[in-house]
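K.L.:
Spelled out from the first residue to the last, the chains are:
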Amino acid sequence: MPAGSMPDAAPAVSPRTSPSDPGGPLLGVRELAVCYAGSVRALDGVSLSVPAGAVVAVLGGNGAGKSTLLRAISGTLPFTRGSIVGGSIEFDGRRLDGAAPAAIVRSGVVQVPEGRQVFGELTVEENLRAGGLAVARRLRRPARDEVYDLFPVLRDRRGQRAGLLSGGEQQLLAIGRALMAGPRLLLLDEPSLGLAPQLVRRIGEVIAEINRRGTAVVLVEQNAALALALADAAYVLEVGRVSLHMPAAELAATDQVRERYLGVGTAPRATATPAGGRPARGLPELVVDGLSVRFGGIAALSEVSFTVQPGAVHALIGPNGAGKSTCLNVLTGVYRSAGGSVRYGDHELTGLRPHQIARLGVGRTFQNLALSPVGTVADALLLGRHRLTRAGFVAAGLRTPRARREQAEQDRRVRQVAELLELADVLSRRVDELPYGDRKRVELARALCSEPTLLLLDEPVAGMTAAESVRLARVLVRVREALAVTILLVEHDMAFVMGIADRVTVLDFGRRIADAAPADVQRDPAVVRAYLGVPAEPATPAAPATPAAAAAPGAAEPAAGGGPR
Amino acid sequence: MTQFGTLLINGLSLGCIDALIALGFVIVFKATRVVNFAHGSLLLLGAYIVGRAHGELGFAPAVLLAVAVTAAAGVLIAAVLLRRVRLADPGTLAILTLGVDIVLVTELTRRIGTDLLTIGDPWGAAVVGVGPIRLPETRIAAAAAAVVLVGGFLAAVKFSDWGVALRAAAQRPQTAALMGVRLGRVAAGAWALAGGLAAVAGLFFTAFPSPGVSGSVGQAALGAAVPAAVLGGLDSTTGALVGGLVVGVTSTLAAGYQDQLAFAGRGFGSVVPYLVMLLVLLARPAGLFGSKEVTRV
Chain A
1 MPAGSMPDAA
11 PAVSPRTSPS
21 DPGGPLLGVR
31 ELAVCYAGSV
41 RALDGVSLSV
51 PAGAVVAVLG
61 GNGAGKSTLL
71 RAISGTLPFT
81 RGSIVGGSIE
91 FDGRRLDGAA
101 PAAIVRSGVV
111 QVPEGRQVFG
121 ELTVEENLRA
131 GGLAVARRLR
141 RPARDEVYDL
151 FPVLRDRRGQ
161 RAGLLSGGEQ
171 QLLAIGRALM
181 AGPRLLLLDE
191 PSLGLAPQLV
201 RRIGEVIAEI
211 NRRGTAVVLV
221 EQNAALALAL
231 ADAAYVLEVG
241 RVSLHMPAAE
251 LAATDQVRER
261 YLGVGTAPRA
271 TATPAGGRPA
281 RGLPELVVDG
291 LSVRFGGIAA
301 LSEVSFTVQP
311 GAVHALIGPN
321 GAGKSTCLNV
331 LTGVYRSAGG
341 SVRYGDHELT
351 GLRPHQIARL
361 GVGRTFQNLA
371 LSPVGTVADA
381 LLLGRHRLTR
391 AGFVAAGLRT
401 PRARREQAEQ
411 DRRVRQVAEL
421 LELADVLSRR
431 VDELPYGDRK
441 RVELARALCS
451 EPTLLLLDEP
461 VAGMTAAESV
471 RLARVLVRVR
481 EALAVTILLV
491 EHDMAFVMGI
501 ADRVTVLDFG
511 RRIADAAPAD
521 VQRDPAVVRA
531 YLGVPAEPAT
541 PAAPATPAAA
551 AAPGAAEPAA
561 GGGPR
Chain B
1 MTQFGTLLIN
11 GLSLGCIDAL
21 IALGFVIVFK
31 ATRVVNFAHG
41 SLLLLGAYIV
51 GRAHGELGFA
61 PAVLLAVAVT
71 AAAGVLIAAV
81 LLRRVRLADP
91 GTLAILTLGV
101 DIVLVTELTR
111 RIGTDLLTIG
121 DPWGAAVVGV
131 GPIRLPETRI
141 AAAAAAVVLV
151 GGFLAAVKFS
161 DWGVALRAAA
171 QRPQTAALMG
181 VRLGRVAAGA
191 WALAGGLAAV
201 AGLFFTAFPS
211 PGVSGSVGQA
221 ALGAAVPAAV
231 LGGLDSTTGA
241 LVGGLVVGVT
251 STLAAGYQDQ
261 LAFAGRGFGS
271 VVPYLVMLLV
281 LLARPAGLFG
291 SKEVTRV
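Chain order of the listed sequences is A and B.
Per this note's numbering, residue 1 is the first one in the first sequence, and the count goes up by one each step.
Per this note's numbering, residue 1 is the first one in the second sequence, and the count goes up by one each step.
Isolated chain B, as found in the complex (with noise of 0.2 Å):
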């Protein structure tokens, strides 16, 4: 039971980083109808510039800028790349996307070379206890991070203009522009958002107990984020705080029951996160909270 409520928290504690990731992803497909492929690399981007900057700056101030690279390198990708290829097909665009991946990974990979790159956090390798159950600090601090803000976030969709815009663009993007919505502004806005989120992911995402920051973390986010996204449904941001906490519980659930799930073979933690999502396709083809496609005959 100790050993069950352990992985539980320890799960839902890994699930709100998963959820952050998920969210970044989910919130540009919203808006542009993109399958965002290079979201893994800006969170690797995140990782690295507060990985390489906190020793001169300091951490907090490391984290701010590694916030407002990773934002801008969004906007980049959406002004630069998306528009030049204006009305192209959301699959090709997502093509696009993976170019992007490979591009940021490659050199990323090879700026941090053999360094053993920490993230420099104040609350290093300490460990909380309560009672029988213990937790890293660093998992507090995400969970904390992660309240604030997809809180900030859900306010900012449900009360600001760009909330308004975002949702009615995402739901009509030809009646929103008929409304005088700029289209182009709202997906910025969206990249832009998705990659301040992937950045203060990737901080949670490479400290303790993860080893630190490797060209390979990106991927590994990407594989929790597509299938917390999926399950929950690629357009709600519900949808892939759910999926978030699903993904993070169950792997870790599946990891800490390793012995008794042998039979499955080592690693099976991180291919649960996969059968859970298709079992929810199997169930809700749309996924948990996701829109159905109508179409009209």
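Chain A on its own, in the form it takes in the complex (with noise of 0.2 Å):
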């Protein structure tokens, strides 16, 4: 992103347009609708309130909108082409929608990003530095002296480059460095996200006695645990949308929350077992053994183990920052392993290129989408084929008989995988014209040209509506009954995995906690624990399918063989 050319040529925040109304919020944001590239519609008439010193919590899975919202208040939407397109947003009277965000910081929202974000090259009290160049210099040093108060640790490693600190050290980092502007209103983005669980319950002190020293707080969490401890009032984000909103404590009580970190309340499967029937023959097992991969000197991965059965669905789940992704990626050759094996049937994984393993008959999609916007959906399908296609551009630019022979055979493969994913119709549009959904059934149709015999799911259904999650489990529900198939899919919406796998491996920090049938792990104490940071509560035991769960709202709609939310 170029920094020459930021939008801080927008205007500033706007004069006080009504009188401090003592008894109005602090942040009122009203009716918020956010548009990406002009189309994509990411947030739509959301509306939220924060009372002066609260805490207020947004909860909601991948792509519900919770970043955007957070991008929006902080005037930081233009970085990645979004912008208000309705609502407003008010801090203490003022208007901050338009601003630019330098002006967002000196009017007291301060944001600390998702991914902590230190400035890696700068030492530690550099990065404050950086953090409190929008206040007046006199108050650089107190403000300093603060936060090496609240953490020592960063006192200790002032001198140090920031890159050079332990995850936590640079969340804290990232913290204080919000500090520095010395805000009225702390904007937290995931503060928690892949810290190691001491680490969680620190940064929750910490949010609790930043609070109690009188700024409010918005935290954006995929921690429900730990962002429904700390608040006062929650808000459930669905699709752009704000689907519940109410005190934090009744929150953490309702069924729905139940439901969507655990996936209890999913009505039983309607598919038969692995071995019933499906064409399993011939396809290989897929054995991980003792996997390990480090970035820098932290473990992403360690002593990983679990084996896909031919022909299963196999889901490994966990939380944000429990190595799933990291694992698909060394599965797939794009990151180098520290130690283990990963064997497909007679084949060692470890070691290969992308391209050698795709060949394999290794398939994927990705977690955020991987398609070329401007190409028709045709063309994204025949992409998949390319490793089944042998005429060579010559061959293909003289239309030889051959060449034409492969052709239509080609387009013939391509409309049945279109069928089977419901797509037929789309053909011929232009992958950005589709909705979200769709694409990512493209992406997975893709895949599935290339004839895959082992297909890689990247949070499937990541950013989709409850409609179209439950269109996508019915999708491969089909999807394995026609192709003899195996296929291994990371997720974080557990209802629907619970509907769609045959087993399930769960990674925390890293490890293995969990691996067992689907039901079996909903129960396992230490899954709800890394979960929900509780340990389930003996009253309503986390069974599937007990009347009071089948009675929750979520779980009212039926699902063919799939998860609904």
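Just to be clear, a hint being listed does not mean it is correct.
What the hints assert, rightly or not - From the derived model, a few chain A residues whose C-beta atoms are all more than 10 Å from chain B:
1. A102
2. L193
3. A208
4. E209
5. R474
Claimed, not checked - Covered by chain B, per the in silico footprint, the following chain A stretches (three or more residues, Cβ under 8 Å):
6. 389-403
7. 435-442
8. 486-497
Stated by the list, open to error - Sample of chain A residues facing chain B (criterion: CB under 7 Å; computed from the structure):
9. G45
10. G98
11. E126
12. R129
13. A134
14. A136
15. A181
Source of the hints: derived by calculation from the structure; they are not laboratory data.
Nothing here was measured: the structure is a model prediction, and the numbers come from that model.
Note that the Cβ used here is the ideal one computed from N, Cα and C, for glycine as well.
Each chain sits in its own coordinate frame; assemble them with the hints.
P.N.:
Shown next as structure tokens:
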């Protein structure tokens, strides 16, 4: 992103339009609508209010619009080609929407970005200095001393480059850096992401302490346990809308939250067992044995082992930062492993290059769509056929009979896959014209076009609406019935996983904490703790399909083998 | 051996000038990710102003005027042209600077016309001899100016608020904006600095032993700055300094040993920096000190 072309020519925060009403909220977001690239609507009529001195949690799955909401408040939407197309954001009686980020910081709203984003080349002290650039010089030293008092570890390491700090220390630095600007409202984007449990607890204490000193907090979190313990009120976002809003304590007790984070209440599986008549013959087995991956000094995966049975749907789940995508990236040769092995049939996959692994019949989809936006759906699917195409560009250009025959055969196969995935009607449409859920299915179709024997899906329903997610589950069930393919999927959405998987491996902080059938995983105390932070209450056992759970609103929708949210 | 020593010292002093040019080029890239093809013409502008003004104002005031005007021109390019197309891709902006370069060079060439414009510096064509090694006085002045300016620049980057903001914005522009850094001002500061450095570099670039200010000076300067900046790593100020010295020394050596290098043809000296650049890039694709790009799947 070019720094020199940043939108700080935008107007400053407009002058106070109304006298500060002592009873009114500190931050008032009204009917906010946000679009990306002029068309994709990420937020639609979101209203939210933060009273002075309060902690407000914003929950929701991947792609729900949580980060977009924070970007809108902090004025950084233009960095991602987003813009506010409706509604308003008011802070302490002043309009923030349309103001430049630097002006918003100066009015007292400061964001701690997701993923810490410390300036790794700068020292700890310089990072703090960068955080204090927006305030008067005389205020900086007291602010820095206060940060050092709050986080003594930063004082000890003030001369070190921030890139050398551990993940937890970097998070403390990112929070301290934001405090340097003397915020009245602190926006926190996933502060517990990828941190070990003790550190998550420490971050929780830090946020409570900051709040006790008088700063209001908006806390965006995947870790519902942390967020609900800290917050006064909570909002749940779903596909760009507020789907729930209530006091945090009440929300924590609702079935919706249990269902969202544990998949409890999902209708029982409608599919047969994996062995039942599916064409699993000839499919190799995938054996992951003692797999370890390191990034610098940080262990992303530590001795993870699991086996994916031929023809099965195997799910790899875990909280954010657990190492799921890392695992997938090792299987496809994008990352190198530090130890252990991955065997697919007779082949050892560690050490192979991505295209060599693809040639062994391993297809994948990506967490964030990796499709060319300008091509048609048919183009995308033909690209998937690449590994099975023989005619070179000379033969294809001369339209030799053989090339023509092959072309016809490719088109026929593409149509078959498109029909299977309910995409036949949109084959000639451009990819970027399609809604998000359809684009995710196009990616799946492209992977299937390469006729994989093992299909890896990275968060297939992330950012989908409930209806789209149900549709995808239905499609996947059909795929495994029609084609001989083993599926390994990584997913956050527990309800979806519980509805479709034969076996579930749970990762937490790079380690395997469970590996069992879906129903057993739901009951596993270690899994419940990893997701909700509390042991399962004996009074409401986390068993699927109890009458109480079935009566929960989210479970009312019947699913044909798939899992509704 | 004497010849080698003379060439080495001359090369290093020329390298100081190249480093000044490359530094300005790199500062703009670091702060804005824009490859500034107009840098050569800013240098020409600075040299032109000194050449025209020194008769009336005297040498030192003329230099100050040139620095002020080129810095202002840099800010103007940043504020007026590049901000109009905000959020455009840096590649597009680079092409825009190419346009600016063409306009500036054409106009300045027209103004210079057939005049033989000289810098009018106090050192003239004087040459100092230390033992067997002979060096023009202008080159000693250039090296001294380079040391002072680069030292001042590095100190500013290390200790000033602007320096902290520059480094923060260079590393993570979006996060820097979240901390209240005004990216537009940081960028304007970088352009101003690049302009000022270009004026000083232009002064020494066109002083003795060069024949004087002509329309082709900008092109020649950019020709030295690009390999220096690229082999050092486009976003590294240290890289620009080292790259500048490497370019100065290698091109001077190649020119000095032209007879021995006759097989490579005449003018090999101006090709050598690019050969060195290619070799460095083969071994280190991000340059000697450049930061590597990391992609995430």
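K.L.:
Against this structure, judge whether each hint is valid.
P.N.:
Okay, the hints, checked on the actual structure:
A beta-carbon of chain B comes within 10 Å of the beta-carbon of A102 of chain A; the shortest separation is about 5 Å. Look at L193 of chain A: its CB is around 14 Å from the nearest CB on chain B, clear of 10 Å, so calling it non-interface holds up. Residue placement check: A208 of chain A keeps its beta carbon more than 10 Å from all beta carbons of chain B (closest about 23 Å). The Cβ of E209 of chain A lies farther than 10 Å from every Cβ of chain B, with a closest approach of about 21 Å, so its non-interface assignment holds.
Taking the minimum C-beta to C-beta distance to chain B, about 28 Å, the non-interface status of R474 of chain A holds against the 10 Å cut. Counting residues of the stretch 389-403 of chain A whose beta carbon lies closer than 8 Å to any beta carbon of chain B gives 0, which falls below the threshold of three, so the coverage claim is violated. Counting residues of the stretch 435-442 of chain A whose CB falls under 8 Å from any CB of chain B gives 0; the rule of at least 3 is not met. Given a C-beta distance limit of less than 8 Å, the hint that chain B covers the stretch 486-497 of chain A is violated, as 0 residues qualify and 3 are needed.
Annotation: interface hint on G45 of chain A violated; nearest CB of chain B at approximately 26 Å, more than 7 Å. Residue-level restraint check for G98 of chain A is violated (minimum Cβ-Cβ distance to chain B is 15 Å; threshold 7 Å). Annotation: interface hint on E126 of chain A holds; nearest CB of chain B at approximately 6 Å, less than 7 Å. Taking 7 Å as the C-beta contact cut-off toward chain B, the hint placing R129 of chain A at the interface holds, the least distance being around 5 Å.
Interface restraint check for A134 of chain A: the shortest CB-CB distance to chain B comes to about 3 Å, inside 7 Å, so the restraint holds. Given the 7 Å rule on beta carbons, the hint for A136 of chain A is violated: about 12 Å separates it from the nearest Cβ of chain B. With its C-beta approaching chain B no nearer than about 6 Å, A181 of chain A sits inside the 7 Å limit, and its interface hint holds.
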